[in-house]
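K.L.:
Listed below, chain by chain, are the residues.
Number of protein chains: 2
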Amino acid sequence: MEQQAMRKAKIVRLNGLDIQAMTDTINALKARPNLAQFQFRAKNQWIDGGENRSTIKEFFGAGAEDQSREEAFVFTNGEPPVLLGSNEGANPVEYLLHALAGCVTTTTVLHAAARGIKLRSLSTELVGDIDLQGLLGLDESVSPGYREIRIKMDIEADCSDEELDDLLGFAQAHSPVCNTVCRPVPVVIERVSKR
Amino acid sequence: MEQQAMRKAKIVRLNGLDIQAMTDTINALKARPNLAQFQFRAKNQWIDGGENRSTIKEFFGAGAEDQSREEAFVFTNGEPPVLLGSNEGANPVEYLLHALAGCVTTTTVLHAAARGIKLRSLSTELVGDIDLQGLLGLDESVSPGYREIRIKMDIEADCSDEELDDLLGFAQAHSPVCNTVCRPVPVVIERVSKR
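Heads up: the sequence lines are chains A and B, in that order.
Per the working numbering, the first sequence runs over residues 592 to 786.
Per the working numbering, the second sequence runs over residues 592 to 786.
The shape of chain A in the complex, shown without the other chains (with noise of 0.2 Å):
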């Protein structure tokens, strides 16, 4: 118990994460590039009309498949009804939000900790324009996806201005989910028949 609590006091935290661990990991990446490979997944079943549901959990990543989970994560899809739905869940074009919003946070508290740079907040508002004449094939001109998102971020850091703005910049051009939506990200759809 008492080296528990030992091994559980070393460990230094930086805006919540393991500063010995990341430096590991990063090490760990840099000496063997292919452990930087990951593949993410998802099962999605359709309901009734617009709405449908996925089952997350399985992802290979660091070498191997990942054992950490116990359950599933299990999220809903659905439509308000202006788009012919019931509120069943929120929609796709807001969960994207919501991934976009998530990545940039967790891209900046990453970078940030790699700077030494202790966070005090960080909130984010994010809106996005669509013409769904796109969706519905009315215009051909008109690209269905949004037109532009925009992201307001509210952060409280131990730095200077200058020194927030370089790590904004930063961490934009390093998410994820960022880098997906602005630049082009093949999707390839097979069809397939389990029968």
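Zero decoy hints are in this set.
In this list, chains with the same sequence are indistinguishable; a pair is considered to hold if it fits within one copy or across any two.
As a list, the in silico EDC-like pairs of lysine to aspartate or glutamate whose alpha-carbon atoms are at most 20 Å apart:
#, residue 1, residue 2
1, Lys709, Asp639
2, Lys648, Asp720
3, Lys709, Asp752
4, Lys709, Asp757
5, Lys601, Asp639
6, Lys709, Asp749
7, Lys634, Glu781
8, Lys621, Asp720
9, Lys743, Glu754
I should point out that these hints are in silico values taken from the structure, not numbers from a laboratory.
Dock chain B against chain A, hints included.
P.N.:
For chain B alone, coordinates are given in the frame of chain A:
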């Protein structure tokens, strides 16, 4: 009561969608394309480390602020231990897969209904590859985003394989999340201070 029941009985649904409401919506947007301008929103609060939480409620669309939701949807991003978290929630890149799965599914269901195709079942499995050297800034030649996302779709419907393949191609080309991923969409981050 009887009148209500009669009105309800008159609703014709295909794939769970009210066909008359769908036709009315499309005709309204054809007459007034500015009704198709939607703005979706999310607010996110950092908690600690890789944990943060979004609330999603209001949006603007069909010419007005939506009033249909009494409570906000709340979603928690987390990270698995191998990424320095404790599975507080799915992580942001996994939520993106959920958003993509849902959007491709709903777009397929919608356009199947518009074509008079009745779907019997639809499920998807998604995998996406990421090289975390990008996120960590260890190799600037590596994109931090997904390299590629692959979707296997198992779909059963009362139409020919040719009609099904045409439907899937159309859905992929018109899905908002799919087009946000496969085309470049600008993300603008602005630092603000509430104080």
